[in-house]
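Chemist: Chains D and A, in that order, give the protein sequences. One point on numbering: in this note's numbering, the residue at position 159 of the first sequence is 159, and numbering is uninterrupted. Plus 1000 on top of the position in the second sequence (first one is 1) and you've got this note's numbering.
Careful, some of the hints might be misleading.
[Claimed, not checked] Each computed SDA-like pair below joins lysine to any residue, with the alpha-carbon atoms no more than 20 Å apart:
#1 A/1245 <-> D/199
#2 A/1137 <-> A/1149
#3 D/51 <-> D/132
#4 D/245 <-> A/1199
#5 A/1245 <-> D/101
#6 A/1248 <-> D/76
#7 D/245 <-> A/1103
#8 D/245 <-> A/1226
#9 A/1051 <-> A/1061
#10 A/1164 <-> D/250
#11 D/248 <-> A/1076
#12 A/1248 <-> D/165
#13 A/1245 <-> D/102
#14 D/164 <-> A/1250
#15 D/51 <-> D/309
#16 A/1124 <-> A/1110
#17 D/248 <-> A/1164
#18 D/164 <-> D/75
#19 D/248 <-> A/1100
[Unchecked claim] From chain D, some residues computed to sit far from chain A (all C-beta separations above 12 Å):
#20 21
#21 25
#22 32
#23 43
#24 48
#25 124
#26 130
#27 228
#28 266
#29 285
#30 292
#31 297
#32 305
Worth flagging that the hints you see were computed from the coordinates, not collected in a lab. Every residue, glycine too, gets a C-beta built ideally from N, C-alpha and C.
Protein chains: 2
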Amino acid sequence: MMMNSTWGIIATWRMAFDGINAATTRLQREESAETAVIEAVKMVEDYPFYKSVGYGGLPNEEGVVELDAAFMHGTTMAVGAVASIQDIANPIMLAQRLSQERFNSFMVGEGAKAWALANGFEQKTMLTERAQQHYEKKCRETIDQGLSPYSGHDTVGICAVDLKGDICVGTSTSGLFMKRPGRVGDSPLSGSGFYADSDVGAATATGLGEDLMKGCVSYEIVRRMGEGMSPQQAAESTVNDLEAKLIKRYGRAGDLSVVCINKSGDFGAATNIDNFSFSVATAKHEPTIYICRREGKQTKYEVASPEWLDAYQARITAPIV
Amino acid sequence: MMMNSTWGIIATWRMAFDGINAATTRLQREESAETAVIEAVKMVEDYPFYKSVGYGGLPNEEGVVELDAAFMHGTTMAVGAVASIQDIANPIMLAQRLSQERFNSFMVGEGAKAWALANGFEQKTMLTERAQQHYEKKCRETIDQGLSPYSGHDTVGICAVDLKGDICVGTSTSGLFMKRPGRVGDSPLSGSGFYADSDVGAATATGLGEDLMKGCVSYEIVRRMGEGMSPQQAAESTVNDLEAKLIKRYGRAGDLSVVCINKSGDFGAATNIDNFSFSVATAKHEPTIYICRREGKQTKYEVASPEWLDAYQARITAPIV
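Bound conformation, chain D alone (with noise of 0.2 Å):
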């Protein structure tokens, strides 16, 4: 029962390109984009050196590490999300579960750790040595000075459409690096970290979520594009009007990044910020990493050099000193 004639994934940020190479091969093959989706989350929670998603992700201000995601499916509108879990080997995997609940299906906290493990998700420290290192020496940049500590809350957000029309979207995230126990962010949040419907398309964020969560962003994008915009024009206008409105009310903006992909597979990318980078490939493109820059009011990217990816990597495994 082939309907589409095309498939694509998207992600933000570099670090999902290794699960989008293995995702292409997936949705080359048939296989779903549910499941293109969540092998390609699950690969950037299982890699220890990205510090913002799964293990090795960064603590919040105890030491403690504290997961959200979620998962939606946008054919049957399912979600299912998790937040502030600990000690879940795949937030992802347990999201996607819930996502087949009709009742119950966001959970948070020692409720959502303990209906894991009494349905047999995978208990595993996610605390890793390098994450405590990172941890100590914010602490002594930042806390032990009187300084805010908050920075970095790299979400990894994945959009995918496969061969039969279905779009999924998934996300996960160790949350706002030094947050407070308990906080949550936009990833788990439907409409705003994530929104899918196969009609349409999928969108996902990444950025503040405090912010985020203030415009329902991938909500808006799913429904620009759902009125005729190109996935780029509904990404960048939805960015920009966000940012201008939070501006004009609230007297800043705070990090605002989206990607997104429409049923024809075509994508787009927009950003407040000069280092966001996305990781895609669908049937016309081959798997590339994009690095984006904001020229005016439009965002601009470009295949990232190998220079950059060589600098990327030596940064997230130089010892931490």
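Using the hints provided, position chain A relative to the given structure of chain D.
Modeler: Just chain A now, with coordinates in the frame of chain D:
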């Protein structure tokens, strides 16, 4: 600096009526929409016979009361929210306080409780003997017989516009009765359970949170009002569209009820159930309780009769047998 020639306040359910009455006095004497909303929600939270909000709220499947609440200021777009929190007297006050934070404005579970206690919020045992009796009865009637226990999730959501033109919204709920520990519904989720924009209006939802969050209904209602729809058109069309989509895509739709108000003080309400009530007062409209029924795709409402009100009061205070 008076910028608006009118005021108004609307809330889900009859239970908000006393709060709406009190808010009427406040709004008439030029107090803020924020104060009106917070004080009105607090009255619902504090009244022990309202079994779905605050003190006296119904517990989860383990007999523990877990509360969700949110507040949004439509002028600054500031959002504060709390979910799955135990034994804090007024979750709406905590949500209001968190809306003043740039970071960590949505907090859940133990972390939220610890922060609340450290910041002077009152600890209070929120489980009442009556709620405990409801719980035991529900266990006997459903779980003990292998039946699904899920019913009852009557969030109070209140939208207000004040004489300065500020528009705010607040929600508070004990969530789905017999929910799993850690379950979170739409009430604390920006765009789903609530949304406010002082240039346009505000909306709030009650019903099956798992389904309401699939459609970002509150955001969508405000958006449609912003495009020129009357509040009633925006509420009805959004509920109808989401219900139709859920039935087509998800196979069924849970309870979906909404209220909204625009900056002119015009209001709307829509539902896909037959016993939804709401409370409203505006500069042009004395405090009134309405009972909704659905006729085809339209939501009709009439003033609650003395008989209806008597039966309501008898029901919420009747012995639990």
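Chemist: State for each hint whether it applies.
Modeler: Going down the list of hints, with the structure as the test:
A threshold of 20 Å between alpha carbons decides the hint, and for residue 1245 of chain A with residue 199 of chain D the separation of about 11 Å falls inside it, so the pair holds. Only pairs whose Cα atoms come within 20 Å are accepted, and residue 1137 of chain A paired with residue 1149 of chain A is accepted, the gap being roughly 11 Å. Taken as a hint, the residue 51 of chain D and residue 132 of chain D pair is honoured in the structure, with Cα atoms around 11 Å apart against an allowance of 20 Å. In summary, the hint linking residue 245 of chain D to residue 1199 of chain A is supported, as the alpha carbons are separated by about 11 Å, within the 20 Å threshold.
Restraint check for residue 1245 of chain A and residue 101 of chain D: satisfied, since their Cα atoms lie roughly 18 Å apart, inside the 20 Å limit. This hinted pair checks out: residue 1248 of chain A and residue 76 of chain D have alpha carbons roughly 8 Å apart, not beyond 20 Å. Our distance criterion of 20 Å between C-alpha atoms is met by residue 245 of chain D and residue 1103 of chain A, whose separation comes to about 18 Å. Of the supplied pair hints, the one linking residue 245 of chain D and residue 1226 of chain A holds, its CA atoms being roughly 14 Å apart against a limit of 20 Å.
At roughly 15 Å between alpha-carbon atoms, residue 1051 of chain A and residue 1061 of chain A fall within 20 Å of each other, so this suggested pair holds. Pair hint residue 1164 of chain A plus residue 250 of chain D holds up; C-alpha atoms about 18 Å apart against a cutoff of 20 Å. Restraint check for residue 248 of chain D and residue 1076 of chain A: the C-alpha separation of about 8 Å stays at or below 20 Å, so the hint holds. Distance hint between residue 1248 of chain A and residue 165 of chain D is fulfilled; the C-alpha atoms sit about 16 Å from each other, no more than 20 Å.
Note on residue 1245 of chain A and residue 102 of chain D: the hinted pairing holds, with a Cα-Cα distance of about 16 Å set against a maximum of 20 Å. Distance restraint check for residue 164 of chain D and residue 1250 of chain A: the Cα-Cα separation of roughly 18 Å lies within the 20 Å cut-off, and the hinted pair is therefore satisfied. Taking the CA atoms of residue 51 of chain D and residue 309 of chain D, the gap is near 17 Å; set against the 20 Å cutoff, the hint holds. Between residue 1124 of chain A and residue 1110 of chain A, the direct Cα distance comes to roughly 15 Å. Compliance with the 20 Å bound is thereby established for this hinted pair.
A threshold of 20 Å between alpha carbons decides the hint, and for residue 248 of chain D with residue 1164 of chain A the separation of about 18 Å falls inside it, so the pair holds. For a cut-off of 20 Å, the pair hint linking residue 164 of chain D to residue 75 of chain D stands: about 11 Å separates their Cα positions. Simply put, residue 248 of chain D and residue 1100 of chain A have alpha-carbon atoms about 17 Å apart, close enough for the 20 Å limit, and the pair holds. The non-interface label for residue 21 of chain D is consistent with chain A: the shortest C-beta to C-beta separation is roughly 31 Å, beyond 12 Å.
Even its closest Cβ contact with chain A, about 29 Å, leaves residue 25 of chain D beyond 12 Å, as expected for a residue assigned away from the interface. The beta carbon of residue 32 of chain D sits about 16 Å from the closest Cβ of chain A, which is more than 12 Å, so the claim that it is off the interface holds. For residue 43 of chain D, the shortest C-beta to C-beta distance to chain A comes to about 27 Å, beyond the 12 Å cut-off, and the non-interface label holds. Non-interface call for residue 48 of chain D relative to chain A: holds, since the shortest CB-CB distance, roughly 25 Å, exceeds 12 Å.
With a closest Cβ-Cβ approach of about 19 Å to chain A, residue 124 of chain D is found to remain outside the 12 Å limit, as its non-interface label requires. Its beta-carbon lying about 24 Å from the closest one in chain A, residue 130 of chain D satisfies the requirement of being farther than 12 Å from that chain. Residue placement check: residue 228 of chain D keeps its beta carbon more than 12 Å from all beta carbons of chain A (closest about 15 Å). Chain A leaves residue 266 of chain D outside its interface by the beta-carbon criterion, the shortest separation being 23 Å against a cut-off of 12 Å.
With a least CB separation of 29 Å from chain A, residue 285 of chain D remains clear of the 12 Å interface cut-off, as annotated. In this structure residue 292 of chain D is separated from chain A by more than 12 Å, as the shortest Cβ-Cβ distance comes to about 24 Å. A cut-off of 12 Å between C-beta atoms confirms that residue 297 of chain D is not in contact with chain A; the least separation is 20 Å. Look at residue 305 of chain D: its CB is around 34 Å from the nearest CB on chain A, clear of 12 Å, so calling it non-interface holds up.
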